[in-house]
Structure formats: structure tokens, C-alpha cells
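So you can see what is in the structure, the chains are spelled out below.
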Amino acid sequence: MKIRIKFRKYGVMKFIGHLDIMRYFQKALKRAGIPVSYTEGFSPHMIMSFASPLGVGLTSDGEYLDFEMAEGLSSIQGVERLNAVMTEGIEILSFLRISEEKSQNAMSLVAAADYEVCFCPGKEPGIKSKGEECSAPSWKEAFSDFLDQPEIRVTKKSKKAERELDIRPFIYEARVDGETIFLRLSAGSVTNIKPELVLEAFFLYLGQSMEPFSLRIHRKELYAAQEGGEARTFVSLESLGSLF
Amino acid sequence: MKSLALSDEILLTIEKPARYLGNETHAVMKNKEEVAIRFCMCFPDVYEIGMSHLGIQILYDLFNRREDTWCERVYSPWVDLDKLMREQGIPLFALESQDPVRDFDFLGITLQYEMCYTNVLQILHLAGIPLHAARRTEADPLVIGGGPCAYNPEPLADFFDLFYIGEGETSYPALLDAYKSNREQGGSREDFLKIAARIPGIYVPSLYEVTYKEDGTIASFTPRDPQIPARVEKQLVTDLNQVSYPTKPLVPFIKVTQDRVVLEIQRGCIRGCRFCQAGMIYRPTRERDAGKLMDYSREMLAATGHEEVSLSSLSSSDYSQLPQLVDFLIETAGQEGVNISLPSLRIDAFSLDVMSKVQDIKKSSLTFAPEAGTQRMRNVINKGLTEEDILKGAALAFAGGWNKVKLYFMLGLPTETEEDIRGIPRLAEKIAKRYYEIPKEERNGKCQITISTSFFVPKPFTPFQWASMDTQASFLKKAHMVNQEMKEQLNKKSMRYNWHEAEVSVLEGVFARGDRRLCKVLEKAYENGCLYDSWSECFYLEGWQKAFAETGIDPAFYTSRARSREEILPWDFLDVGVSKAFLLKEWDKSQEEQVTPNCRQACQGCGAGKYRTGVCKENREEISCENTN
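From first to last, the protein sequence lines are chains A and B. Under the working numbering, the residues of the first sequence are numbered 1360 to 1603, in order. Under the working numbering, the residues of the second sequence are numbered -3 to 625, in order.
Accuracy of the hints is not assured; some may be wrong.
Mimicking DSS-like on lysine-lysine, the simulated pairs with C-alpha atoms at most 30 Å apart in a straight line are [unchecked claim]:
hint	chain 1	residue 1	chain 2	residue 2
1	B	Lys483	A	Lys1518
2	B	Lys28	A	Lys1368
3	B	Lys429	B	Lys483
4	B	Lys79	A	Lys1386
5	B	Lys542	B	Lys606
6	A	Lys1482	A	Lys1386
7	B	Lys516	B	Lys190
8	B	Lys388	A	Lys1579
9	A	Lys1386	B	Lys244
10	B	Lys251	A	Lys1361
11	B	Lys442	A	Lys1386
12	A	Lys1579	B	Lys429
13	B	Lys576	B	Lys613
14	A	Lys1553	B	Lys(-2)
15	B	Lys251	A	Lys1553
16	B	Lys606	A	Lys1386
17	A	Lys1482	B	Lys(-2)
18	A	Lys1368	B	Lys489
19	A	Lys1368	B	Lys473
20	B	Lys585	B	Lys542
21	B	Lys251	A	Lys1519
22	B	Lys429	B	Lys516
23	B	Lys26	A	Lys1368
24	B	Lys606	B	Lys190
25	B	Lys288	A	Lys1386
26	B	Lys429	A	Lys1368
27	A	Lys1386	B	Lys26
28	B	Lys429	B	Lys442
29	A	Lys1482	B	Lys79
Don't read these hints as lab results, they were simulated from the structure.
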């Protein structure tokens, strides 16, 4: 059967990169005694797939991992057994059964992601590094003007090339909430917009440039898109699974 | 939640931040207010190397079983973080608590190879602990060294408060107890060192005085105080089945060199190769019960989730319970997709059969370590492997489908001639011939023979401890000769040749048989910027050359100089079981090209019989305790 687990990544674990998190789960699933299925062949390996790699330095409440296993334990047992072998900084939130169809795997489903972004102390836009007030309005007001633009053109760097792109259509939701900026951005294999890209554009809009290590980014949730009728709606990857 | 010693900004700038976080599965967390002793265990190399070391896992587990002790770890910060720590004055910290190492009671440093000595100074320096033991105060940790290089601790004598000679399981409990009671009684650091020096296996270098003759050799080596023993006795576990084993080893987040469950099947080696220090200092050979190891493998695979299990020993083929253990591993672990790795196996019908079950023949290669190119030379070094053994083993392997062979040799062995050197590629040629004798349609393409040579470094407590070491120029000439001879072989296209860097070997030779006068060279080299000397990308030869010139020390005194039989060697004050008389007898036999049978064939009365354990007990009821030192 196909299983999807949702987990939280926090604390010191934010410094463990994606490939090492994969290795971590391979070992943790074995420690927990989860009957994970292996590929055939001389060097069998677990069949597992992560929804969307999380960058080093980011924390998250909504990470997903799909894998196949033999029957023999319940959702509740899965969560308990895994949490019993987790190190501090990873917590399993749910252990659900999902559809067997290939098109339903986490990685191919991801369409959007929610983020909470804050500025590191002293790294807010509009405040000079020495702490003097700037004449510009507070960044919170400026942020809604920034979003009101018909288009937001950025240069997106990939491994191979740079290309110019209007990211405004891919910012599905955005608002300032206290000191935090909430963003719902397009994610997945087609157009993956990182929150850094949006914030860099914001700094540029203010005529400033963003220094490295200015942001604290927390991923809240990953979504699949459901095309029904006129509007496209987003459902969390978790909601596609069922307790068993 | 745990707070880290390094800022997010640093951790996101440096390579592999996971090296500095701790928090690994099975890392031990305790409340520092509730422990009496804080011990920081250090492997002075990068995390990935240090985390692969079984000895630290054993001691970490042993110490943390004590309620009064919290043992943590530290590894050498890699050069990127090293630079930032110096610039920003960040003190070296232990991984578990992230507290400064300087606040600990003990800093234990394992000494696995000579080329980590500058890293030892880096650890002390970054921790803010005075490099010289003599300049440390009550506020500083006690710095204790152990591991194979502690069998000649003298080149590090100034930098350590104590050394532990031998296997850690035996005297550490007494040492920690003594530390606690000395402190409870208000005793000073100096008081403790005097108490410690009387615990078996503990060497306190500051309590011994060395004088020298005009020719630079040692005139005397004596304790400064009549209560301090003149000889320090190596510690060893007499029954491996009675000591604890780390069945919940640390599981790192990043890939490390030894990313698997390790079963230590035995200690010591029966073979008695004359160049091999491990084969002498770990005598007598002692086995762990296969039944226990089977339980450990199950527990450890379940506790770690590792996908590979490996056996650890100096010569796995000599482990008497190998067939049962291997069968068990194949039946249990092998069924669950766990790989089985079997290093240090002699190639014969049994091992090939086993390997064909656990490896992908097409991908794996077979390793032979003839160590020398001719039978004469192999007799000199007492390597009991004959050409016939090698060729038979290779033929069997080729018939079984293997076509990759790795061959390991040493250059610069005592009495070596041109014939011996040219014998290396000639042996490779004979192996290649065996391969091409197989009909074309039955063989699997070309064969690949990789020849590797290292340069022989004489080590303390071996029959070759008196030998003169080759010079760098001679090493390179010999490597060139091997290369040239290889090109003259018929099957040269099936061969490849790699050789080790000569500069590093010469330096290793200096420190392996060095004395305490080398401390100042080491300190100078470190000041000159030498660090991570075993990493070729970091090795800084000029820094070392300058250090020798500045201190007026001639490296040749320690390397190419031949030692007389009467000379007091810097490590003579250690009693490792094996007697000097035995080593001298073996040195003489080597010159006569005579081989010595292994411990199971016939006891040679080496001196290790006095421990009354392991192979010494297995062989004979009566043990002669001769130790004619």
C-alpha cells in the first residue's frame, strides 16, 4: 500500500539538507520497523518520494514523504513508531494511505506552498543598517503597494540560464500579519517560486538590495490543485490521504 | 530547544553544517548540573573520519553508562570554519551541549596516525587551552591521549597531561574514580597527576626526565619521583565477551566513511608481519564469541537502521568462528536488504564463495596484500603469503567471474633490492597471465589490475624499529622503477599503478620514532600554518621544512639513521607484552630471510603470554611467561 507521511522540520534540523533528510528517513523507517517495500535487483532500495525539497536553513510544518509498504500497521501505529525513533527537530504529524495511481504521488501533485517569512532583526527594508529611520513609509505599507503592481518582473536564475519572468501571477496570496509576511506561491515542477525571489523583488521595488541572511522562512503547507468548474482550489497533500 | 554555538549565518556559510550540530540519533544528552565529570572525546580530523571510528563509539558508550559522567564529542573544524573561529574568536565547543571544550574536566584525544598531530594543536588552540601542559591551570581540562600513536607518545609529550596506553575499557573507570575523589578531597591538578601515574596504563610525561648523549641518542629515561613507576604497562581486555559493546552507535546525518554497523570480531593478529605495529601491540589475539556478535548485529541494525554490516579485525580469515557468523549474517541481515561487507579476508575458496553471495561480482574487486614483489622479500617481512597462494586465489576468483584485482605493496623495506622492486609489476603480470589463460568466450572482457605502493615507515614495537628508513629521493626512484618495469610487461594495458606521496611518509617516519625534542618542531609547524597534513590538498611542505630549519632539528636523525641494538629507544619505557628480546630475535631472523610461524602454528614466546588469554591460552596449557626485557 502507498503511504504518505506529513512531518515537521524545526530547530537544528533545518541545517540538514534534502539528500541527508532522505538518508535520515531511510534509516528511521528501518529503525521504526515500518515494512517498507524495496525495489528488485542486486542492490534493492526503498521506493520513496519527497513532495518538494526544502532548502537548507528553512523550517517547515508541512513536509511530505510517500513510500510503499506491506500491510500490517495502522495510521496511529505508524505515527507512534516513527516518532519514537525521531531525533529532536523532526516530528511526524500524520501517516495516511493514498491512492496507488502514479499521477497521485506527492512530487507530481505539488502546485502551491504556503510560507511565513520574517526579517532577521535589523534586516528589514527601509531601515538603514545603522538603525537610522528612513524617509520611506514602513515596509508593511510598501508591501501592499508592491503587490498592487500589475506585474512583478524578476530575473530567475536556474542552473543553466537566467530568464526574465513576471512572478505576480504566481503569488496566489500574500498579506502582512504582524511582523510576518504570509505567502502562497506556485510550487512544483512547472513554476516553483521561492519566497526569497519575492522578497528580493520587494527590496528592489524599494530601491534597495537584500543582504544575504536577511530572512527567516518557514514553510506551512504544500498543496495540490483541484480544477473544478471555474475556480482552481488548493487542497493540502495531507487531505488526499485517509486514516486506516 | 537546543541552542547552537554557531550562528545561523555561519552555519549557512560553511560546508556541511551537520558536522557541528550534534543531535544525531543516539547522541547522549544529560543535565550538566547532575554529572560530576564532563569528558570531551576528540578525534583530531574532520567529522566524517572521526565519526567512523569504532574506538570512540566504544568509549563514548562506556563513559556515558556511568551516571556521574557525561561524555561528549568534538572533531577538527574543517578549514572553512577554522578560519571563521579564529577571526571571530569563537571557542571550540563540544557537539552535544555546544558548551566550550575549555569548561570540561577532560579532553581525550585519540591518536590514530602521526599526520594528525598538527590537528591536535589546532584543537587545543581553538579551545583556548594552553598548548603546553606545563602552562595549564586548575581551570583547564586535563588533556589525555590514547590510541595506537600513544605507543610512542614522546613527540607529543609537552602537549598532554596524560596518556592512556592500551585498550580503554580497563583502566578508565579507575582513572575517573580517582579524579572524582581527588577533587572531593580538594586535591590539585598536580596531586591528581601523581595519583594517575600510579594507575596501570597511565603515563604522565611531565613526571619523567629524559637526558641525552652527545650523539643525540637517549642517555636515560627516569621517573622524577621514586613513587612513579619506571615502566608503564599496556592495558588490555582479557575477555572480550565480558566488556560492553556500543549496540546503539551514533547515526550521523551526513554520509561518513564508515556508514554501517561495525562488528569487532577480534583484537590482535596471529600473523606477526614484521613491519606491522598493530600485529605486535595488540597481542595476544582475542576473539569475541560469534553468538554475542549475532545478537549485536540484530540489535545494532534495529537501533541504527543502517543498510550495511561490516566485520572489523586485522585479519578476518583468522577468526575461528567466521563461517558460522557469516552464514548467520547472510541468512538474517542479507534477507532484509542489508549489505554485508567483509574486509581483510584472505582470498581462498571459502572467502570467494562467501563473497559471491554478498557482493555484485561485476562491480567488486578483489584485494591482495602481498606487500612485497618477491618471495625473498616476503620472507624478510614474514608475510606468510606465497606466490602460489596469490596465483591460485586469483585463478579461482577469475573463474568465479571477478576481473578486477587490487594489489598492495610497500617500497623501501629493509634489505630491498632492485629485483624485489621489479618483482612487483612482474607479479602483476603473472596474475594477468592467469586471467588471459581463460578461454576468450568465458571471460568477462579485460582484467584490471591496480598496483598500489606505499612507502615503508618503521614503527615502534615492531622488529623493524631498528631499521633505517629510506630517503624521499630513493622512494621516488623506486616508484619510478616500478612504473618503468610495469610498462615492459606484456599485459601492461591491464595494469594501473598508484603511489603514495613521499614527503608525507618521511614526516610520518620522523614522528613515528621521534622523541620529545620534536614537540618544538610540531609547534613551529603549526605556527607556520600546517594543518590537516594527511589531506593532500592541505599538506604544506614548506611549513614543515621551515619548522625543522628554525628548530635546528635534522629529520634524518629520526628516519634514515640506523639504530644500534643497545640504544635506548624513546618508547622503551612502555611494556606492551611483546619483549624487546623477541623483537630483536625477529629483526635478526629478517636479515637471514627466515620466516616465523604464526601464533596458532607455534608459540614463539613473544612475551604476550603473560596476559594468559586469547590465542596464548588456546594453544597450550602451559604458558611460559618469559619476558626478557
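Which numbered hints does this structure break? Failing hints, ascending: 1, 4, 5, 6, 8, 11, 12, 16, 18, 19, 20, 22, 26.
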